[in-house]
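J.: Protein chains in written order, with my numbering: chain A, 1 to 112; chain B, 1 to 114.
Just so you know, these hints were derived from the structure itself, not from any lab.
Just to be clear, a hint being listed does not mean it is correct.
To be verified - Calculated pairs, EDC-like style, for lysine to aspartate or glutamate (alpha carbon to alpha carbon, straight line, at most 20 Å): (1) Lys101(B) - Glu17(A); (2) Lys71(A) - Asp51(A); (3) Lys101(B) - Glu79(A); (4) Lys101(B) - Asp51(A); (5) Lys53(A) - Asp28(A).
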Amino acid sequence: DVKVTQSSRYLVKRTGEKVFLECVQDMDHENMFWYRQDPGLGLRLIYFSYDVKMKEKGDIPEGYSVSREKKERFSLILESASTNQTSMYLCASSSRLGTEAFFGQGTRLTVV
Amino acid sequence: AQSVTQPDIHITVSEGASLELRCNYSYGATPYLFWYVQSPGQGLQLLLKYFSGDTLVQGIKGFEAEFKRSQSSFNLRKPSVHWSDAAEYFCAVEGRSNDYKLSFGAGTTVTVRA
């Protein structure tokens, strides 16, 4: 069974903290994505990666960075967490263009 | 830049009635097109996708979608909804060549009344 695993379901962090969200897929997929999901705004793409060590900005990259040192792992980093980054974060992976993206269960991050 | 518009934020439909969810996209060429569903408390699941060829695409759970190039639309339909279809539905687009960006619309929430 295909699997995308996000390290935490719920996370509470303080303003100014550096936050790491981890995502691991076991399907040998090339493409990986990070989204945030907010009510009324749908899924907004933060960053994506189509290969190891490759990364591309999505629609809302400000305040975030990513790391992909291994094919199976894609990390999202909030350099200095702010309250407006309180959201549900979803990781996804896909094997190639035009194929199904598989999603993790999400991490609900609250920044206080 | 590619974008996806789902004009309807919320739709309420009676059980057994038909359902149509609208999706319009903006892209230089015909992208790959997808519909995903997110049931309450669940992850996103692919309903169907348009790759090429036949413009009417069949998916899981009795859903279908029609691609209309002239209208840049990819509307989702179901002839008879079930209470279990209550969920949030997302349209998505992905570029075809060297463009790995997978973009989603804002979603349409479907409520099914008995």
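J.: Has the given pair, lysine 101(B) with glutamate 17(A), been kept, meaning a C-alpha gap of at most 20 Å?
T.: 29 Å, violated
J.: Taken at face value, is the distance from the CA of glutamate 79(A) to the CA of lysine 101(B) at most 20 Å?
T.: 23 Å, violated
J.: Are the Cα atoms of lysine 101(B) and aspartate 51(A) separated by 20 Å or less?
T.: 13 Å, holds
J.: Does the structure keep lysine 71(A) and aspartate 51(A) at a Cα separation of 20 Å or less?
T.: Given pair lysine 71(A), aspartate 51(A) holds - Cα atoms ~7 Å apart, limit 20 Å.
J.: Taking only the CA atoms, is the gap from lysine 53(A) to aspartate 28(A) under or equal to 20 Å?
T.: Roughly 15 Å between the alpha carbons, so the hint for lysine 53(A) and aspartate 28(A) holds.
Consistency with the previously given hints fails for numbers 1, 3, ordered from lowest to highest.
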